[in-house]
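Fit the two chains together into the complex; they arrive one by one in their own frames, and the hints show the way.
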Amino acid sequence: MTEVLDRPTSSQSVGAVEPLLRVSNLTKYYGHVAGCLDISFEMRPGEVLGIVGESGSGKTTLLNCISGKLAPTTGSIAFNSRRHGLVDIYDLSEPDRRRMQREDWGFVHQNPRDGLRMRVSGGANVAEPLMNLGRRHYGDMRQATMDWLSRVELDLGRVDDKPRNFSGGMQQRIQIARNLIHNPRLVFMDEPTGGLDVSVQARLLDLLRELVRDLGLAAIIVTHDMAVARLMADRLMVMKGGHVVETGLADQVLDDPQHPYTQLLVSSVLQI
Amino acid sequence: MTVTEAPARPNAAPEDRYYTYAYLDEQTKRMIRRAILKALAIPGYQVPFGSREMPVPYGWGTGGIQLTAAIIGPEDVYKCIDQGADDTTNAVSIRRFFATVADVATTEDTSEATIIQSRHRIPEQPLADGQIMVFQVPQPEPLRGLEPRETETRAMHAYAEYGLQYVSLYENISAYGRIAATAGYPVMIDERYLMSPSPIPKFDNPKMHMNPAILLFGAGREKRIYAVPPFTRVRSLDFEDYPFETQSWDEVCALCGANDSYLDEVVLDDKGQHMFVCSDSHYCADRREKGHAGPMAGHALAHIETEIAAEEV
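In order, the protein sequence lines correspond to chains A and B. So for the first sequence, my numbering puts the first residue at 1; every next one is plus one. So for the second sequence, my numbering puts the first residue at 273; every next one is plus one.
Chain B on its own, in the form it takes in the complex (with noise of 0.2 Å):
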């Protein structure tokens, strides 16, 4: 592979382009574009593909960056998230990442966006029809706590022999009396194919139900790519008499007021003081500037964010 000394060159000429653009070299992107055309035509089928040395390590987003860079094009806008936020280390990292090497215009807004990469979240903001969600995924297998045995997992899921899945939930009735895994938590895909919908909250697992975008996850050490189309029959796992449910608040946003998104708990000192944000930041300073305003507005909190995303800017 080619090391090229690209510095970012706006608005060069498709004619042009680099050799390396978005960093992999045009067998790579090819490769895993086969892999992703694959997936799509199996919703939520795991497609095996030659993951690449990324300039991160694994575990840091390398599935995720690799499909992204395979579907990128200059006239994408990109958007990063890192627990919903796009002000968090790793999201701007991989945000200038693609500024960089893929000459392309990037957003925090929800709905400017192209193609949207994730780990934990999927945006409030309900998606559009053309845009991609895509998802780093840490574990692809959702067998894989129960059945250590790759042939075996293989070999369940082209029999679709799901029973072994409800015995993690039926651990968790038995252990808590309720369903209490909160985050990955196993969805059937068009009842045919179990599927690991990476670590995001199970409030979000409803949002990939006929969803009109393309979702895309990528396994970057498990060596995974699985996708769901548009408009794909997403169900949770639940039991007759324990069915699915998602997460809610007694609380509402302290800073927007927001009763409908998902909330993370902050801290505030060590003496007992907390609060409960949003964790999409794009969707919570939105509502911000439309005038919503929660019980704790004007915190601290919220000018620090707003600062430092003006200084991305």
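Just chain A, same shape as in the assembly (with noise of 0.2 Å):
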């Protein structure tokens, strides 16, 4: 479980790489309500996607879908995972997925209480998914777990304090280092900046940034927030009612919005 595997270098060159992502077709019905329709993307290792738009419109759903969590009516999500190449993860077998998972994912919930498990201390919530991974050494993980503490800006005497004596910012920051610290390949993001402040915000959102450049990571981040669709996202999806109504690079999105929605949804951010 702890053999080192391959893991993309940023110098090949974007169109010799594989997908790491490909959704196909991927519509979910509950019972003859439409959660998502007909929706179809790729994405390359070390991209990060944005997908953007009002409450109902979908993001969720498919958020949930392609992390394994919600089985579609119909389509396929196939993953480029270390282990299994590129193969659709409903596919594969339940323990497999699992693993894959837990080696090639992460998942940042919106409420840290989701992401977190609050009866064990911060310093331990982090070192799970190595000890998951089958790491035995008490000392390294320890470590590890400093280092990660650190690099999300965290008091590190506080280290073994439980997740409900941390702030809610707080809390956020050791779910985003929990979800980190075993090199997931792809991260996935329900409005992981929700409840932090604006400076906490920035720094947060430039870390990441720093992450997806330095480790091939790549990211989809759901979020209604157009200011960290901007700043994080290479490319942008916006949904309406399920569908995805515009796609394109984040700034051609933003600047240049086509669809009637887009072009209101970028109108209603507020300007200081």
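Just so you know, these hints were derived from the structure itself, not from any lab. Careful: at least some of the hints might be erroneous.
Here are a few chain A residues that face chain B, going by a calculated C-beta distance under 10 Å [claimed, not checked]:
#	residue
1	L63
2	R82
3	L92
4	E94
5	R102
6	N132
7	G139
8	D140
9	W148
10	R151
11	G157
Anything over 10 Å on all C-beta distances counts as not near chain A; from chain B, calculated [to be verified]:
#	residue
12	T292
13	E325
14	V373
15	D401
16	A427
17	A430
18	E463
19	Y465
20	R505
21	L540
22	K562
Backbone N, C-alpha and C define an ideal beta-carbon position, used for all residues, glycine too.
In structure tokens, the structure reads:
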């Protein structure tokens, strides 16, 4: 479980690299209510995809389907994992899929209470993914935990405090450290900076951008905050009523929106 | 279920043994025996079973009593211990219960017993081929404290995903500088299933490794049976840099002088006087009989203990 797995280097040209994720004709119905309809896209390693749209537009349904939490009604989701190559994640056996999720993915929830174990300390929360991958050396894991806590700018003296004793923003930083410590290839983020103040938000966005560049890390960020989308995402998908209404480079979509809904969305952002 | 007004019928012939021999009806015992066989076939796996209402409350050993009832026969010799002692209330009651409903001989001697029921200890004297240890388990799921969802813990057992258990050890080291967990210390059975060995002290964990006796675990409230067959590998979890260690004491047993047994601290007065004595009462009494003496040999506590034991016989 601990063998070193190859990771694509950023020096490879984008065109030559296999897609990291390929979503084809994804549709999810809740009974007769459509969650998301006929969505197809591809992602490359190191790419950050933003999904924006209003509440109820199907953003979270799409994220849950892609991250293996919710089986789609039709369509396929292929992920290029270190162990299995590019395969449909719902064709993998359950133990293989769970292992792939542990090894290759991270999931940052909007509410840190959903993504953390509230009964164990912050440090143990950060170290847990390493133990799940078979690491059994306490000293090494402790060191890795400390490194990550300092990278997310947390007070190292509080490493053994329970998550409930941290503020909401600190909890979110613990969650982000927990989801990056095992070098995932793809991180899902559902409104990751929702609970943070503006300066911390900016620093975290900065950190995440740096990591994406350094680690060849790809991310899918669901957000309704256009500023986060602008800062983080290389590419944007705008959703409305379960459909993707517009997709393109982030700056292009935000500076020159084509679809009436996107125009409305961009013009609704409050200016200081 | 027929209620039998069954006074003990010593030496009853097998052919006229009554229907609810050993309290449970035949169908229930059969169901439990099937669960035991499955548990022995998959060492460490928690087999669900239809736990019955017993004449003691849940938490007083209903799982262990049902296991014993399913395996006991008139030729068995039964021993029951609670916190290592044969003479505590719960041990005496359960022993009397089986003496009454199963017409079995009872003993305090570990080597004479064929079935030994316990919650907190494995006797100090090594178990032998042919003996069966029955444990009363309050919480069979070692991962429960970390993962409350049963669906999730079942999946973790099925796919042998046991990284989460190490989180509890990690917490221990970060809080106390060592693995401070003492009772119910999680073990890997035959390098496949993670198992909670009931609340025995980790002092007793090494005794389970390659043990010649059968170890049966019953959780009445949680409706689970699991087992460690004879000569099975049992490994206590640890970290590479924090290896597994058992408890040790600077003192010896105050009554028998043993330095190799699990010791209980007994407070003697409110002025700070205390003594350490063997938790295994039979082991201690046996050593004293053989002439071993500790620093407080002849203390009043030793006499009280033997008096009660004599009355019982």
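query: If you check each hint against the structure, which ones fail?
result: 1, 2, 3, 9, 10, 11, 16, 17
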